[in-house]
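The opening residue of the sequence shown carries number 20 in the numbering used here; numbering runs sequentially from there.
FYI, nobody ran anything at the bench for these hints, they're computed from the structure.
Any given hint could turn out to be false.
Label pairs and their computed distance ranges (CB to CB) [as the list claims (entries may be wrong)]:
1) ARG99 to GLU240: 24 to 32 angstroms
2) ASP109 to ALA242: 21 to 29 angstroms
3) PRO134 to PRO209: 28 to 36 angstroms
4) GLU232 to PRO131: 29 to 37 angstroms
5) PRO258 to PRO46: 45 to 53 angstroms
6) ALA237 to ARG57: 30 to 38 angstroms
7) ARG158 to GLY38: 20 to 28 angstroms
8) THR97 to GLU240: 28 to 36 angstroms
9) THR88 to ALA189: 29 to 37 angstroms
10) ALA189 to ALA242: 24 to 32 angstroms
11) ASP187 to GLU123: 43 to 51 angstroms
12) ALA50 to VAL125: 32 to 40 angstroms
13) PRO205 to PRO100: 31 to 39 angstroms
Quantities reported herein were computed from a predicted structural model and do not represent experimental measurements.
Ideal Cβ placement from N, Cα and C applies to all residues, glycine included.
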Amino acid sequence: MITVATWNVLHRVHAENWGEDVPAHWPDEAARIAAISRLLAGRTERVIALQEVSGDQLTSLRDALRGRTVHAMRYPRTPRPRHGPVALADPAEYLVLAVDGSRERVAAEVYPEDPGKGLLAVRVEGVLCVATHVSFGERRAGQLARLAEVAAARPGEPALLLGDFNADRATVAAGLGAGFAVADLPPGGPPTRVRGGGGRAQWIDHVVVHGAEVAGAAVEEVAGLSDHNLVHATVTPFPA
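Sequences are here, hints too, so could you generate the full structure?
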């Protein structure tokens, strides 16, 4: 049994470029970064996937999560501010997996369709754990197909996918194909993607399993630290 979580922590440049509400609630980016790291330091999940991690946030995480191994993949695209300077010493963007102990890093790939999206995989006690951030729209299909390939590369090995898929549960399940199960979130709970200004809430962050079952999936609100909430679940591999 493995407890897992996924959270898009919202890169500051994206927040300001797209007019998100978070900068208004957290005008001091250093304070927001510290608050995110404190929240994550208190989590007990064994595997935590994070999307839209800035270089500043990554440095803070490595300091705060001393009991974990923090795997990170830097995207070739660095977000560019559209509305003036952003208070980041390192504006690079990373995909991150924070795991208990020292684990085997298996793969790190940027999707060819999008230099700011990709996958990062580590093996934890015989389970392939994959963090991902998937593009919105037509580019999604090839990325989901690649995720399915990576997850099923070793016959009989259980795998889990954690991330921001920019799509609802049914779309993700259809794109991955047979053998994959997308965790069903409790009805009436908070959304995984929070829209300010009266926008439509979304459920686009998911825990997906292959060769395993997933239970107890739920969404936890994060006090306005990001435009996404945190999703957590428990994964149990099928018997060999």
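For each hint, the structure was consulted:
no.	hint	result
1	ARG99 to GLU240: 24 to 32 angstroms	holds (30 angstroms)
2	ASP109 to ALA242: 21 to 29 angstroms	holds (25 angstroms)
3	PRO134 to PRO209: 28 to 36 angstroms	holds (31 angstroms)
4	GLU232 to PRO131: 29 to 37 angstroms	holds (32 angstroms)
5	PRO258 to PRO46: 45 to 53 angstroms	holds (52 angstroms)
6	ALA237 to ARG57: 30 to 38 angstroms	violated (21 angstroms)
7	ARG158 to GLY38: 20 to 28 angstroms	holds (23 angstroms)
8	THR97 to GLU240: 28 to 36 angstroms	holds (30 angstroms)
9	THR88 to ALA189: 29 to 37 angstroms	holds (34 angstroms)
10	ALA189 to ALA242: 24 to 32 angstroms	holds (30 angstroms)
11	ASP187 to GLU123: 43 to 51 angstroms	violated (32 angstroms)
12	ALA50 to VAL125: 32 to 40 angstroms	holds (35 angstroms)
13	PRO205 to PRO100: 31 to 39 angstroms	holds (38 angstroms)
In summary, the structure is inconsistent with hints 6, 11 from the numbered list given earlier, while agreeing with the others.
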